[in-house]
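Asker: One letter stands for each residue in the lines below.
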Amino acid sequence: MEALYHQYKRRVYALVYRIVGAGDAEEVAQDVFVRVFRGLGAFRGESQLGTWIYRLSVNAALSYVAKRGRRAEIPDGAEVLDALPAPPVAMSDPKLAAKVEAAMAALPAGYRAILVLHDIEGLSHEECAAILDCRVGTSKSQLHKARAKMRELLGPALAGERERS
Amino acid sequence: MSACEHVRAELTAYLDGELDETSASSLRGHLRLCAECRAIADEHARIVDVLAALPPPEPPPSMWDGVKARLGAAEIEDARRSRLGLWWQRVRPHLVPAMGLAAAAAVAAVWIAHRRASGDEPAHEVAIGHHEVTPPVPPSPPVAPSAADQIDVRDALASDDDHADAAYRAAAEELIAMAADAKGDWTPSQQKAFDARVAALRTAAEHAASGEPRERAWQALIDYVQRAVVGVRVAEAL
Amino acid sequence: MIRAAAMIASVLCAGAAIAHADPKPAAPPDGVFERDQVEVGPSRKPIRTITIENALGDVRVEGHDGKTVQIIATKRAPDDDTLDRLRVSLVPDPDGAVKIVTAVDGGREAKPVARSAVRIDVVIRAPRDAKVDARVHDGKLELFNMDAGGELDALDGNIAVENVAGAVVAHSLAGDQTFKSVFGTVDAQAITADMVLDTVRGERLIASVHAGKIDGRHVTSRHIELRTTRGDIVFDGTATAGGDIVVASLRGDVSVTLHGGVPVRVHASAAHVTLPSGGRADEHDPSITEFGEFGLQSHPTPLTIQSRFGTVSFALAQ
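Chains as they are written, first to last, in this note's numbering: chain A, 4 to 168; chain B, 153 to 390; chain C, 26 to 343.
Hints listed in this document are in silico derivations from the structure and should not be mistaken for laboratory results.
Heads up, the beta-carbon is just placed ideally off N, CA and C, and yes, glycines get one too.
Misleading hints may appear alongside valid ones.
[As the list claims (entries may be wrong)] Which residues of chain B face chain C? A few of them, derived with a C-beta cut under 7 Å, are:
(1) D304
(2) V305
(3) A308
(4) L309
(5) D312
(6) A318
(7) A319
(8) Q378
(9) V382
(10) G383
Could you put together the complete structure from these sequences and hints?
Answerer: And the structure:
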């Protein structure tokens, strides 16, 4: 059982973290694992185990967000910057990363989910559709809308980037 | 839709490599010529790059302890709940009907959910604590799933209406075909009246809301055609 | 789905009706079960209609002498989490109707669960004069000891009606239908199933089956119409003065036996017809034969028995 936990802990935590935020991520991730272990006995292999665990994670996170209500405020860039682990050397502008994180936090939770699964975790649309229980076409259109919304929220920051480069 | 609007709608697919070569090439051509769209595409690409490069958050080491603690608490709750459930089964016939009926002011529905026990029940539990309690039935080990088992119950229920619709429709079609045979014995005006009525009933069935309304419409059509087919009433004005 | 406010603790069994507790459900070989009970009292108005929709199991409605509605739901599932998702919702209506609906909850996080793994069976004890509208899918649908009839619908589940009065309307796709001791009007239709009628009397009995048998005995309704497309019909009953009887099939064999002395005017047509002796053929229409002495009654009861591709036989019982 512990082996399974270690195998999936990063994926579950990362997913949950990006959707519910740093403060509640640990609690929600623990909740996900409880559901995984209690549900494992009846899991009959209808889908990949990983897909199933991702699905539990996304839905636990989305329910949590829904229950919690809208976030009172969007953390400003500095706050998020402190919470981030040190960025890899390749990242050109940690400030932009912080702004992207802040913008994600301001997105509707559903958009956050597709961005996390597709753009951050790198899953295909087929996998995203299986996890989110929607059609592949829906996954694609959701992604498009999510990125467009990000662009809207980041507008000035991206424009600034453009001018510099 | 203008060319720019079209391009902007395709950007996500383009950046993810999902456009076919012709569309991709034509989109690239547009970007070469259109500064606005190029800027937007750049911004989209940046967003994707940043997202992909975001450092993954590391789960805190204490998380596993938390999982274990929660699992333990859930198991204790299970044990308590099962005992309570079995207790309720035994005790129900003996409880004094003290409460009478629900409040008169409104239709009051009160659930005895023995899982959500009130404060009183632990006392009762003590009183009959000497009853032996059988352990809760453990869930079965997973068995090899049949094809039907692969479908979630909610999907299966949702498709019941479709199956019923198909079955009713098949019976109706069969009867209508049989009527073609029986019609030979009818007068032309009877045939005409029959055809008109069948057409009307069929339209009603096709347009009815799925589920019970559509079933009713099929049932009415089947009833009408069957009567004609067995010769009870031949195309009377109804 | 509207769920009734979940309040707790004491509610009760109204005396003797529940004191002989339901037989414990057969312990499932695996999985868990839960039995919940609720009692609904009438508000300003007596309870006139009970509506129940249960796609997940059986429904049984029994009449009792009280004014309340007792609902006993037995849920079965492979584990507790799934059990938690099985819902029986009560939709109260201040105008004196009680509506019960079952469902499986679950947001997207719920893992798939096979249909065969879950069940909700509902038993309802209701005031006898309440009308019952009930719908099941694969489960059994039973109506006992009720006086105001109702509408019963099943897809593949069987329908059983016993000791019921009033206007009964029943439809099933592939579920067998049985009517025993029914007094009132019966309108029953099944597509691919058999129908059994035993002791039915009242104003009207219309029973039709597309592919299946109809078996009726001790039937005394005034206006009787039994039809099958494919399937035999066996009818044993009593004609009533002023009534009429039609028993017809496309391909099935039709066999009718009448009791009592009511004179009948029989119109029989089929590939092969068997009639008792002693009848008087109608001079204008050779397919019509009259039986019985008319005496004071000038109009014999019309009886139409026909089968396009099958046989017809008619007998008079002494």
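Asker: Each hint needs a verdict: does it hold in this structure or not?
Answerer: Hint by hint, here is what the structure shows:
no., hint, verdict
1, D304, "holds (4 Å)"
2, V305, "holds (4 Å)"
3, A308, "holds (4 Å)"
4, L309, "holds (5 Å)"
5, D312, "holds (5 Å)"
6, A318, "violated (10 Å)"
7, A319, "holds (5 Å)"
8, Q378, "holds (6 Å)"
9, V382, "holds (4 Å)"
10, G383, "holds (6 Å)"
When each numbered hint is compared with the structure, a violation occurs for hint 6 only.
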